[in-house]
Structure formats: C-alpha cells, structure tokens
Amino acid sequence: MEILGHLSDGIFTALEPLNIALMLVGVALGLFIGAMPGLGSVNGVAILLPATFLVPPTSAMIFLAAIYYGAMYGGAISSITLGIPGASTAVATTFDGRPMALKGRADLALVTAAVASFVGGTVANVLFTAFAPPLAQVALDFGDPEIFALMLLAFATFIGLGGDDIPKTLFSICFGLVMAAVGLDIMTGEPRLVFGDITGFMHGINFLVLAIGVYGIGEMLWTIDSTRGEMTMTGAVLTVRGILRAIKETAKGWRGMTIGSFLGFFVGILPAAGATPGSLMSYGITKMLDKHPESYGKGNINGISAPESANNSASTGAMLPMLTLGIPGSPTTAILLGGMVIWGLQPGPLLFANQTEFVWGLVGWFYISNFFALIVNLAFIPLFIWMLRMPFTVLAPMIFVLSIVGGFAATQDMHDIWLMLLFGIGAYLLRKLDYPVAPAVLAIVLGPIAEPKLRQSLLFSSGDPMIFLERPIAGPITVIAIFLILLPLFNLIWKKMKPKPAPSL
Amino acid sequence: MRRAEIITAGLMALLSIYLMFKSSELEIGYVKGEGPGGGFWPFWLSAGMLISTIWIAINWYLRKSPPSQSTEKYLDSYGLRMLMLVGGGVTALIAVSHILGFYGAILLFLIYYIRYLGRHSWPVTLSIAITTPVVTFLFFDIAMRIVLPKGYLEPLFLPLYDFFF
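So the sequence lines, in the order shown, correspond to chains R and A. The first sequence maps to residues 1 to 505 in the numbering used here. The second sequence maps to residues 1 to 165 in the numbering used here.
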C-alpha cells in the first residue's frame, strides 16, 4: 500500500501545471527527434539533459521521461511513412508498417503504432509496479549462454518462418553478422576486417549505416524501378472519423500487443539486451504463433503492434535493472542514470530501500508521460500523413537527403556516408534477385550483442558447445531455435511423403 | 535474370572467400584460456556465406529459385537509366558535399531532382530546395548541436553562429 501511496504522489506531482507543460513540450520534442532517422531517444535525452538544470530536479526528471517516451513513439513514424527505421528499436516496425502505408492505410499503421506503444508502456508500468524486485533477481539468472540462445531464437524465426529463399536468407544473416564484426574486436582489442587499411572501418559499421543504406537508398531505388516512376502514395483519408475508425480497428492487433507487451518487458530487463532485441523477437514470435505467418511483411496489423508495444515495454523494463541494481539496460537509461547522479541520488540496490519516494514517483511520471505521449502522437498523425501526400518526385529526393543527413548525424563520418551508398546500391541489386534484406539489418543490430555472449559462453565451458543445451534456461530456448531452423527441412520431407504433391508455382 | 543470378552468386562467393581470408588474420580457432579468437566469429560466418552461395548455385542449376527461371532482363533500359540518373544524383550529392558542404549540395541536388527529374515548376522547386537546407540547419546545427560539414562555404555560416550562440 505504501507503494501505491508513493505512486499516486508521483502522479499528482506530474499533474502540476509546470510539469504538464514540460511534459507536453518534452513529448513533442521527443516525437520529432525519434522520428528523425539517425537520432533516437539517446540523442534527445543527452542533448536536453543540461536544459533540465533550469527547473527543479523533479520537473527535470519528468521532462526527461517525457522526451524518452516521445522518442520511443517517434521511432515508428519514419518506419511507417518513409520506410526508414528511425531508431534500431523501430527496425521491426518497417517490416509491416511500410507495406501497410503503401496500401494507403498509413493512418491505421500510425494509430496502431501509437496505441500499441501506449499499451506496451502501460503493461510494463503495471508489471514494474507489481514485480520489480523479484524480476530483477530472475534477470540476473540470465547469463551469457541464455542471452545467446535468445539471439539464436531471433534468427531462427527468420529462417524457419521467413518464407523467403532459404540460402538467400542465410546469406543475408551471415553477411549482417560479419559486418557487425568489423572494427576493433571488443574482447581482444585487435583491429579486424579493416578493409584496405581504411581508417573509417576501425570504428566499426554502425547499424544505421546499413539500415539507412538498405531502407533509405536501396528501397527508394527499388521503388522507383518497380513502379516505373509512376509512384503515387494512395492518399490516406484525413478525417477525425477516419482516425477514430482506425482506433477501433487497432483492436485487431491485440495478439501482437499482448505478446509484445509481456515479452518486450522481460527482454528489456535483461542486462545488455534492451528494446531492440525485444521488439525483433516479439515480431518473430507473433509471426510464429499466427495461423497465417505468410501474411506478415505485407501489412499485417499484428506485425506493427507487436514490435511497437514491445519496444515501449522493454524501455520501461530497462529501467528496472537501472533502478534496482544500478546497471543501465540501454544507452538512454545510462544517461538518465548520469542525470540522477547529478541530482545527488545514488543508484544501486539501496535506491529502492532508501529513496522509495523518488523511485515510485518516477514510475508515476512514467504512467502520465506515456498517456501524454499517446495524445500528442495521435494529434500529430495528420501532419505525418500530409507528408506522405506529397508527389513522389518531391518526397523521393527529400528521403535521400534525410538519409544522408541522418546517416551523418549518427556517426559524424563521411566514410560512413559512402559506405551507406554502397550498401544501398548493393541492396537494390540483390533485392532484384529476391535476396531478403531485412535479415541483414537484424543481424547487424544483434551481432554486437550475440558475438561476445557466444565467446564468453564458450570460454566459460572451455569450448564445449553443449553449454547451450545443458543449462536449464538456455537448453529449451536452443532446442526451439534449432527446431525452427530445421523447420523448412521438415516441411520438405512432409511434402514428399504426401502422395500427391501440390503443383509448384 | 538467369545469368545475373549465377554471376551474383559467383561474386558473393568471392566476397565470402575474401572475408574468410581477411578474418583469418586473427585467430579463428579456440585459444586456451582466452576462448574463441577474434577471427572465430567472422571466419565461420563468412564460411556460412560461402555455403549459402554454393546452395544458391545448386538451386540455379536445378532451376528451383524464381530468378533462375525468369527470362526477363535483369536491368532493362529503364532500370539502367534510373540507376544512372537517381543513383548518380545521390552519388553526386555525397561527392559535392565534400566541396560545398551538405547545405550547398542539398540545394543543388533538390533542384536537379525536383526540376529535372520530377519536372515540377520553378516556384515549387525553389521553395523546397531552399526551405529544406534552412530547416535542416536549424534542426541539426542549432537545435541538436550536430555540426554538418560545410566545405568551402564555411565562412558564410560564421555570422549565423554568432547570431545563434
């Protein structure tokens, strides 16, 4: 009951006029920063952290929480309207968000993303309130082998259920994982895969370089080529009624929302995992459990609601190790942690015991920020749809410009811009031959997490790969992953066993 | 399309072999006491890429994948022209930004694309071509403090910085 008391105190603090104003400004700023490819919540929070010294610490924290939520919502906007993920957490949203927008239902996609984000955030807040301390303990039981097994599962869903050409999917995944290894080897510090001794490769390849190259440049070239330049975005209706109808339709995405909210929260808690793997895995698992996995990637509403609810849920989940153990689960929470230290709060196991008032107040602000983020996001949807109604010959060059500028903002290196162009043209040429490009982007995002986990696990077991099968949590996850990888093979055998084979297409 | 499929698979196989070779500069096996070496991950994954390309080639031989059955041209005259005009335009945008900076290059690129490829009127072209760099400048350089390259146009921006900071 004491918790609920502190929680309602937090909610009431958030409802003071100054704090409401800060929250609205924060959410709107976060929304735009998040929507910009190359900038994510981490940039918004980092840049605006100094601005918070002008107001009392409580209001400052509310402002940061609002930016954080706004940016989490915003990532979906460019994924849906432009097809370029605004942040790594929104990569999975492009898979179905973009096709739905191309079908003329950008309004539904955007509303679904907003509502799913709200549901994910709310579920996570409730879970946080109810189970924070015991969950932190469970998360600590997840060691390297368990997290690697989870990564394996994420890739397995692509191979087993992707529906694309299998060797080409495999090629795409391996390519992305190899590209993730470029730069200094984080375990030994040795430079590796520094092609032609070009120093630009030393800092590695940021996932955004591949993602913007593939989705910004490659996708645009492919769209212009496949539509013969006569591309018109089917104008989405811009009425209050249309939006209300879309809100009603969002309910169809309940399945993705449920899976995303719970799975996302749990993956978010795991140290070093966070919102990106959370959203990708929720997408994969929602697709896996659906009766019609082939409808994903073509504008399935659950394909939007799953990753969007998951990334918001995971962001709240990531707060849990930060507040209970003092371990930040994501770069953004690391900065928030820094902010808390500036205001004289000592994060770590004692925070929950000594600063209960602050902790639950913070959770209370999350509830309110999340609500305001939904309202502000819904209010801005007409603006985003209006952008889509521009003629394609105006929109296309703007997307190219945004890709180049966003790519530069992310890494501040011209070398990466050239690399982005190379990836873009390469992706266009490969895509014409049915090579799927999404697995490569997924791989470059998860690669830097998966590789050290694999190597540390093998070091731990003295090189014995059985470690992934013998541990109580890692074992079942690995078995499911292997089953999914072999699923196409089982399908093939099953088809051969049937007396009359289906006519080939 | 059929020929492109096998040529691409061949090129990708060469890329995989190069990546394997490059990865083997570091230890690719198990180092006692240190775990798998630095080249372990990229080497075996590049090997995975190579196996995939061989698999693709087998599918090509058996005519199992759609591109290996298709008789369409891989890049027809429209596709090639588009790649030259649009891809070339983007390449020029990046190249020119080394000289005139992002803002100058964006202005020229938008004029080229909207006016010459899109055939929009001059008022439409100029209003977008001028607004975009201005908004970009205000957002990145001023609001987000992310300084974009300015090339030889740097001196023009100094008074603006004096004004804002």
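Please note that the accuracy of each hint is not assured.
With a straight-line cut-off of 30 Å between C-alpha atoms, the simulated DSBU-like cross-links for lysine-lysine are [said to hold, decoys possible]:
#1 R:496 to R:248
#2 R:298 to R:248
#3 R:298 to A:64
#4 R:291 to A:73
#5 R:103 to R:291
#6 R:496 to R:298
#7 R:298 to R:252
#8 A:64 to R:496
#9 A:22 to R:298
#10 R:291 to R:495
#11 A:73 to R:103
#12 R:248 to R:103
#13 A:64 to R:495
#14 R:103 to R:252
#15 R:291 to R:248
#16 R:496 to R:252
#17 A:32 to A:22
#18 R:291 to R:252
Pair ranges (Cβ atoms, derived) [stated by the list, open to error]:
#19 A:6 to R:25: 55 to 61 Å
#20 R:195 to A:116: 31 to 37 Å
#21 A:92 to R:486: 29 to 35 Å
#22 A:154 to R:460: 50 to 56 Å
If you are wondering where the hints come from, they were derived from the structure by calculation, not from laboratory data. Quick caveat: nothing in here was measured; it's all calculated off a predicted structure. Each residue gets a CB set at the ideal place from its N, CA and C atoms; glycine is no exception.
Hint check:
no., hint, verdict
1, R:496 to R:248, "44 Å, violated"
2, R:298 to R:248, "21 Å, holds"
3, R:298 to A:64, "24 Å, holds"
4, R:291 to A:73, "37 Å, violated"
5, R:103 to R:291, "22 Å, holds"
6, R:496 to R:298, "29 Å, holds"
7, R:298 to R:252, "16 Å, holds"
8, A:64 to R:496, "16 Å, holds"
9, A:22 to R:298, "38 Å, violated"
10, R:291 to R:495, "19 Å, holds"
11, A:73 to R:103, "28 Å, holds"
12, R:248 to R:103, "19 Å, holds"
13, A:64 to R:495, "16 Å, holds"
14, R:103 to R:252, "17 Å, holds"
15, R:291 to R:248, "23 Å, holds"
16, R:496 to R:252, "36 Å, violated"
17, A:32 to A:22, "22 Å, holds"
18, R:291 to R:252, "14 Å, holds"
19, A:6 to R:25: 55 to 61 Å, "57 Å, holds"
20, R:195 to A:116: 31 to 37 Å, "35 Å, holds"
21, A:92 to R:486: 29 to 35 Å, "48 Å, violated"
22, A:154 to R:460: 50 to 56 Å, "53 Å, holds"
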